[in-house]
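Using the sequences plus the hints, can you model the full thing?
Which chain is which? The protein sequence lines are E and A, in order.
Heads up: the first sequence begins at 3 in our numbering, then just goes up one per residue.
Heads up: the second sequence begins at 253 in our numbering, then just goes up one per residue.
Simulated from the structure, these hints should not be mistaken for lab results.
There's no promise every hint is true.
Said to hold, decoys possible - Calculated cross-link-like contacts (lysine to aspartate or glutamate; reagent style DMTMM-like; alpha-carbon spacing at most 25 Å):
(1) A/Lys315 with E/Asp98
(2) E/Lys84 with A/Asp340
(3) E/Lys84 with A/Glu339
(4) E/Lys84 with A/Glu333
(5) A/Lys381 with E/Glu25
(6) A/Lys435 with A/Asp465
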Amino acid sequence: MKLPVQWAAVRAIALRGLRNYFESPTAYVILFVFYLLTGYLFALPFFLVGQASVKGLMDFVPLILTFLVPGLSMGLLADELKSGTFESLATLPIEDWDIALGKFCGYALFLLAAVAGLAFFAVAAAFLAAKPFAIDWGEALGVLSALYCLGFMYGAIGLFASSLTRNQIVAFVGAFMMGFFFFALGKIAGFFPGALMEFAESAGVDSHLANMARGVFDTRDLLYFGSVAFIFLYLAAQRLRTRRFS
Amino acid sequence: MIQAIDLTKRFGNKAAVDRLNFEIPKGQVVGFLGPNGAGKTTTMRLLTGYLPADEGRAVVLDKDVAEDSMAVRRRTGYLPENNPLYEDLDVVDTLHYSARLRGIEDLEERVRRVKGVIGTCGLTSVVAKKVGELSKGYRQRLGLAQAIIHDPEVLILDEPTSGLDPNQVQEVRSLILDLKKEKTLLISTHILSEVTATCDRVIIINAGRIVADGTPESLSGDLQDKNRLHVALKGPPAEVGMALSRLGGVGNLRPERVDGEEDGFLLESAAGHDLREKVFDLAVERRWPIVAMRQERLSLEEVFRKLTREEKP
Ligand SMILES: Nc1ncnc2c1ncn2[C@@H]1O[C@H](COP(=O)(O)OP(=O)(O)O)[C@@H](O)[C@H]1O
Ligand SMILES: [Mg+2]
Numbered sequence: 003m004k005l006p007v008q009w010a011a012v013r014a015i016a017l018r019g020l021r022n023y024f025e026s027p028t029a030y031v032i033l034f035v036f037y038l039l040t041g042y043l044f045a046l047p048f049f050l051v052g053q054a055s056v057k058g059l060m061d062f063v064p065l066i067l068t069f070l071v072p073g074l075s076m077g078l079l080a081d082e083l084k085s086g087t088f089e090s091l092a093t094l095p096i097e098d099w100d101i102a103l104g105k106f107c108g109y110a111l112f113l114l115a116a117v118a119g120l121a122f123f124a125v126a127a128a129f130l131a132a133k134p135f136a137i138d139w140g141e142a143l144g145v146l147s148a149l150y151c152l153g154f155m156y157g158a159i160g161l162f163a164s165s166l167t168r169n170q171i172v173a174f175v176g177a178f179m180m181g182f183f184f185f186a187l188g189k190i191a192g193f194f195p196g197a198l199m200e201f202a203e204s205a206g207v208d209s210h211l212a213n214m215a216r217g218v219f220d221t222r223d224l225l226y227f228g229s230v231a232f233i234f235l236y237l238a239a240q241r242l243r244t245r246r247f248s
Numbered sequence: 253m254i255q256a257i258d259l260t261k262r263f264g265n266k267a268a269v270d271r272l273n274f275e276i277p278k279g280q281v282v283g284f285l286g287p288n289g290a291g292k293t294t295t296m297r298l299l300t301g302y303l304p305a306d307e308g309r310a311v312v313l314d315k316d317v318a319e320d321s322m323a324v325r326r327r328t329g330y331l332p333e334n335n336p337l338y339e340d341l342d343v344v345d346t347l348h349y350s351a352r353l354r355g356i357e358d359l360e361e362r363v364r365r366v367k368g369v370i371g372t373c374g375l376t377s378v379v380a381k382k383v384g385e386l387s388k389g390y391r392q393r394l395g396l397a398q399a400i401i402h403d404p405e406v407l408i409l410d411e412p413t414s415g416l417d418p419n420q421v422q423e424v425r426s427l428i429l430d431l432k433k434e435k436t437l438l439i440s441t442h443i444l445s446e447v448t449a450t451c452d453r454v455i456i457i458n459a460g461r462i463v464a465d466g467t468p469e470s471l472s473g474d475l476q477d478k479n480r481l482h483v484a485l486k487g488p489p490a491e492v493g494m495a496l497s498r499l500g501g502v503g504n505l506r507p508e509r510v511d512g513e514e515d516g517f518l519l520e521s522a523a524g525h526d527l528r529e530k531v532f533d534l535a536v537e538r539r540w541p542i543v544a545m546r547q548e549r550l551s552l553e554e555v556f557r558k559l560t561r562e563e564k565p
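Rendered as structure tokens:
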């Protein structure tokens, strides 16, 4: 697999994917559920204890993403494999890598729109704050960035799952299980002995999310999300190259 | 232009394509014929570089498909089996998308290409329709349009007329005939009339191997075990029969009705032994006008059946 990437084709595939989301009922249902759940859980503490914070999003949105991202990613490649359009794509003068990357970029753009929508909660929190608009905007940006990075990584995992099968349901389940592994790893790290605990902590998402959500942008955290995403993108492309689909 | 050298592909331990060898020169239109499961699609996938070969080589436009895949793909058009398309796109978007993926970035150039193939493939009346709403005939034209949008020198079509009604078959066929003027074509099919109507040459495969290769006419000739001639001469039947049976090379003679003439005969001779001149000479000599004469040929269909019949061990 060799760079350079053929950006013209990647862009065409990404834009087509993005448009596909905006025309697909599934994507709208997923967005609707996403904002509904998030809105409810965000507003709950306000009614109970009279305050709501953007930081609170970190308590539940990562788990929601673990469930919902597979719904957005399941069709990325499985659909093309099922309908046979992958054969047309794969016989164009582009590499399988370009196909995987294009699909992923389309997803990443849609995710950007979805996460940007969460900015509404930051504004809402600002209104509801004791001293209006005196919230920590740096922290709010950190929270949204952390959630985006998580969704970014989950999407690459989902892309790989979607390359494994023609069946979207299987792709969904696969993506969820792999994503949940990374999600849970940091939470159960405490049960591991010594060195293993440290490893589990840095391989899981929690520690990296926590840093970023404080508004601290550490290269190591960005590198974590970026490299996990890259590895799964690479695996997806390798998987496509085998041409053995079930 | 298209060359297979000991081309082999196995799935498990079964060879779907088994040491295939052929060479297609520039400008030739070749029908690739075989029953279902013969290995047509697999061969085409090897030639387009979709699948890697297990053994042997595919060479297209003088380039090895495995080594120089991108160069080959840029100059080759491919219509995969079942013509997969995005159902939710409309016709124009489908073509623009293909053109973009082929690296035709410039808008003016792209519009020109898209308009070009819309015209060539007769898609004008459906440009704004969604692919999912197209009739099978138009779908197929769209698949073809997509395959030729970059004006490839080599065109590989996997069953372009399967599932079409006779009118649609005719339309797609005449489209292919238009294309054949400038391109080298390999067309797979299991419909025989397709081959006689469009192809310069037929390659018949069965169980992954080539069982026949030649012009449609030569194949019928080669496979005939006997030469059969139906004749009717206007003369006293008994005398005519006697005279015909004495012609050199006639093995067997039987009276029969020939093309509506009561007193005709069927003459059988060894394969490749043409009796027509002798019959003509006899007719002239005896002044018996020839009212009917027809050399029997194996139809391509019979050739096909003979060659691809499953042989029981
Ligand atoms: N991806 C695959 N995996 C396993 N077997 C396959 C695969 N593709 C084709 N085959 C087998 O290879 C043989 C040739 O198939 P194919 O090339 O599709 O034939 P045709 O196009 O002439 O109908 C068949 O026996 C088919 O079952
Ligand atoms: Mg086939």
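Next pair to validate is E/Lys84 with A/Glu333; report whether the Cα-Cα distance is within 25 Å. holds, 13 Å
Has the given pair, E/Lys84 with A/Asp340, been kept, meaning a C-alpha gap of at most 25 Å? holds, 15 Å
Is the hinted pair E/Lys84 and A/Glu339 satisfied, with a Cα-Cα distance of at most 25 Å? holds, 13 Å
Decide if the proposed pair is consistent with the structure: A/Lys435 and A/Asp465, CA atoms, cutoff 25 Å inclusive. This hinted pair holds, its Cα atoms lying about 20 Å apart.
Is it true that the CA of A/Lys315 sits at most 25 Å from the CA of E/Asp98? holds, 20 Å
Restraint status (C-alpha distance of A/Lys381 to E/Glu25 at most 25 Å): holds, 16 Å
In the structure shown, no violation is registered for any of the earlier numbered hints.
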